[in-house]
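> Given the sequences, and given the hints that come with them, work out the whole structure.
This is what each chain is made of:
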Amino acid sequence: MKRTILALLLITTLFASFACERRNGSGTNVSDGSGEIVVGYYGDLTGRTASFGQSTKNGVELAVDEINKAGGVMGRKVRVIVEDDQGEPNKAATVVSKLVNQDKVHAVLGEVASSNSLAAAPKAQEARVPMISPSSTNPNVTQVGDYIFRVCFIDPFQGDVMAKFASKNLKATKAAILYDFNSDYSRGLREFFTRSFKALGGQIVEEKSYTQGDRDFSGQLTAIRSANPDVIYVPGYYGEVGVIANQTKQLGIKAPLLGGDGWDSPQLWQLGGAALNGDYISNHYSVDDPLPAVQKFVADYKQRFQMLPDALAALGYDSMKVLADAIKRAGGTDSAKLRDAIAQTSNFPGITGSITIDKDRNTVKSAVVLKLQDGKFVYDTTIYPEGMTPPATTSAASPAAGAASPASSPATAGPPPSPAKAGASPGSGSNR
Amino acid sequence: MDTFVQQLINGLNVGAIYALIALGYTMVYGILRLINFAHGDVYMVGAFAGFYIALYAGLAVAGPSMLSLTVVLLGAMIIAAVVGMIIERFAYRPVRKYSRMTTLIMAIGVSLLIENIFVAQIGATPRAFPDFLGSQSQPPYHLFGNAAISKAQIVIFLVSIALMLLLQWIVFKTKVGTAMRAVSFNLNSAKLMGINTDAIISLTFAIGSALAAAGGVLTAQYNPNIDPLMGILTGLKAFVAAVLGGIGNIPGAVLGGLLIGAAETFVVGYGQHIGIASTYRDAVAFAILILVLLLRPSGLLGSTVQEKV
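Chains W and G supply the protein sequences, listed in that same order.
Position 102 of the first sequence, counting from 1, maps to 102 under my numbering, and the rest follow consecutively.
Position 7 of the second sequence, counting from 1, maps to 7 under my numbering, and the rest follow consecutively.
Among the hints, a few may not be true.
[To be verified] BS3-like, lysine-lysine: derived pairs with alpha carbons at most 30 Å apart:
hint, chain 1, residue 1, chain 2, residue 2
1, W, Lys371, W, Lys254
2, W, Lys254, G, Lys175
3, W, Lys359, W, Lys337
4, G, Lys151, W, Lys371
5, G, Lys151, W, Lys376
[To be verified] Partial selection, computed: residues in chain W whose CB lies under 7 Å from chain G:
hint, residue
6, Gly47
7, Gly219
8, Gln250
9, Gly252
10, Gln270
Just so you know, these hints were derived from the structure itself, not from any lab.
In this text, a Cβ means the ideal position worked out from N, Cα and C, and glycines have one as well.
Given below as structure tokens:
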């Protein structure tokens with residue numbers, strides 16, 4: 001008897017809590033002036049690229065904690081609902097549907113891999129819920145619709161950076177490419193690297209592909225070896241790249257491998273180890289950046305997660321901060337106003353550089369080239385997009401950054417961007 | 001020329017692993033007429049067994065060492081052998097008396113079960129297998145021109161050849177081997193002759209699983225990326241290798257494995273000259289499967305034994 005009563009009680013409580021949560025969830029969405037701000041985050045937490053999803057999630061959580069500790073955004077606390085898409089595009093679409101339709105989130109953050117963002121973005125767009133991808137670099141992602149944004153640079157630029165670096169800094173004239181045939185990210189980078197490298201007078205002497213999950217690359221690498229390139233461009237993800245680096249050395253190939261931000265994971269070193277020494281990647285930021293804002297972020301992250309933040313963690317952090325800043329400027333979480341506010345983001349001082357959303361809802365900013373040496377990504381050089389003046393970027397992101405202020409009163413989302421500039425872009429943005 | 005030789009080395013290297021796994025398919029088929037679809041997952045279990053032995057015995061951080069590799073290899077083989085016997089005892093033996101379709105579906109179920117238990121327990125994230133041969137920093141041995149062979153490749157060749165010879169010896173020179181052949185010839189007659197058929201079947205699973213585990217550990221020395229789903233495609237290709245060589249035929253499985261490995265690598269290396277992109281590497285094995293089934297269903301070395309009525 002006692003047990004039955006207990007069971008009944010438990011069930012009632014369960015239902016009650018469900019009911020409350022439901023009402024709360026939809027309630028906040030309708031009245032955009034009060035209640036907590038619900039943000040959906042989706043990423044690969046258990047799949048083949050789980051390191052991406054985990055790092056980004058850590059970055060988002062760090063930002064949310066800072067925001068909530070400082071009293072939230074306009075007094076409203078931020079709550080994040082985390083969903084795992086296991087790195088699969090169809091699951092990414094499913095979880096985003098759930099976030100926007102069932103959880104009624106005010107905004108969505110994610111994904112890292114462009115293929116997953118491309119699959120999920122239409123769901124956010126249909127529901128008119130702003131989505132900010134922290135680190136999907138394929139240009140098509142933000143073309144899904146006017147509610148889709150990103151806070152990282154795009155592949156035409158990233159491909160360009162490595163082509164420039166190979167040609168000018170490494171004096172390479174012959175490049176080979178080994179890319180992931182099934183990845184939008186990898187194919188995009190291959191295309192843009194090829195275009196820029198040829199424009200700089202270089203030559204692509206061999207091109208081979210693989211698919212994610214492949215384990216043996218010796219066939220491709222042997223063919224590449226016989227073409228005798230100066231550099232080998234491998235715009236893939238860390239899981240395969242670590243093995244590729246290994247097998248490159250086992251075939252006696254001495255040309256350095258060049259890659260993109262997809263290499264950035266602590267796991268890369270476990271897979272490739274010393275075989276990676278002397279390779280280069282383009283990336284969003286460097287942990288060695290002496291800016292106080294960056295160093296504070298690195299220290300906080302290290303204290304909380306016992307490891308160095310990779311670029312994806314930094315971008316996850318930035319995406320959340322940009323969102324919080326936009327909510328503040330929009331005066332709430334009304335989806336159309338919030339969308340416009342994100343579109344107006346201008347010179348926001350992020351960890352990964354100054355963030356300005358352009359009319360295509362992309363971010364234009366500089367990239368760093370890092371050299372791989374003994375388990376570390378060592379800063380080599382910074383490459384700026386055409387027309388961006390180096391010193392201006394540096395000063396915009398320097399001490400003024402919100403994250404740099406002392407822990408006692410961390411600014412919620414950094415100083416507000418100049419309103420004059422912000423007014424210029426919304427028209428072009430919302431027309432798309 | 002040196003490129004051709006290099007591609008051949010690469011191909012045979014991949015093929016040796018397929019051959020080790022194909023042996024398990026072929027032995028089980030020879031005895032039970034069962035395609036053990038969980039065999040590819042036993043290969044994965046073997047790789048993870050090696051990974052965790054290295055982790056918990058502290059060998060992973062001890063640096064390159066042949067002794068560590070031997071310990072890990074033997075440990076993984078033993079664990080996989082036990083796993084193979086457990087699968088046989090609790091999944092296949094209870095349904096052995098039913099139709100072959102039941103066992104086949106059971107095999108698929110076991111395969112999915114193992115994969116998903118691993119995904120649920122440790123996640124699908126790839127793990128990095130420790131490098132016991134120092135492959136990450138050691139340059140390969142030069143043969144001629146550009147052709148070279150790495151230490152990992154040499155070890156893979158030597159160990160697989162040794163294991164295959166050992167298997168041949170067990171099957172043809174020992175009493176247990178004679179019993180295995182008797183069971184394969186006719187299970188009921190063997191039972192009437194006083195052979196403990198259950199024990200022999202169990203042993204066959206153990207040996208096959210141990211060979212697959214050896215394949216898992218060896219391949220991880222060359223491709224250190226291991227994950228719970230690594231056995232699916234590799235297992236299927238090894239199955240194709242067994243069919244190509246003639247399923248039920250031990251030398252056939254080895255030949256089939258080497259051929260599939262070489263065919264795959266040549267498609268990657270030279271395919272584009274005849275209009276086949278390197279992305280077709282996985283399709284090749286299955287195209288071969290279809291061709292074999294159409295043209296020579298008994299495989300290259302398989303004999304067309306009349307079904308006794």
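> All the hints need checking, so say for each whether the structure fits it.
Verification of the hints:
1. W:Lys371 - W:Lys254: Given pair Lys371 of chain W, Lys254 of chain W holds - Cα atoms ~15 Å apart, limit 30 Å.
2. W:Lys254 - G:Lys175: Distance ~53 Å between Lys254 of chain W and Lys175 of chain G Cα, so the pair is violated.
3. W:Lys359 - W:Lys337: Holds, at roughly 16 Å.
4. G:Lys151 - W:Lys371: holds (27 Å)
5. G:Lys151 - W:Lys376: holds (26 Å)
6. Gly47: holds (5 Å)
7. Gly219: Holds - the Cβ of Gly219 of chain W comes within 7 Å of chain G, reaching about 3 Å at its closest.
8. Gln250: holds (4 Å)
9. Gly252: Check passed: Cβ of Gly252 of chain W comes within 5 Å of chain G, closer than 7 Å.
10. Gln270: holds (3 Å)
Of the numbered hints listed earlier, the single one contradicted by the structure is hint 2.
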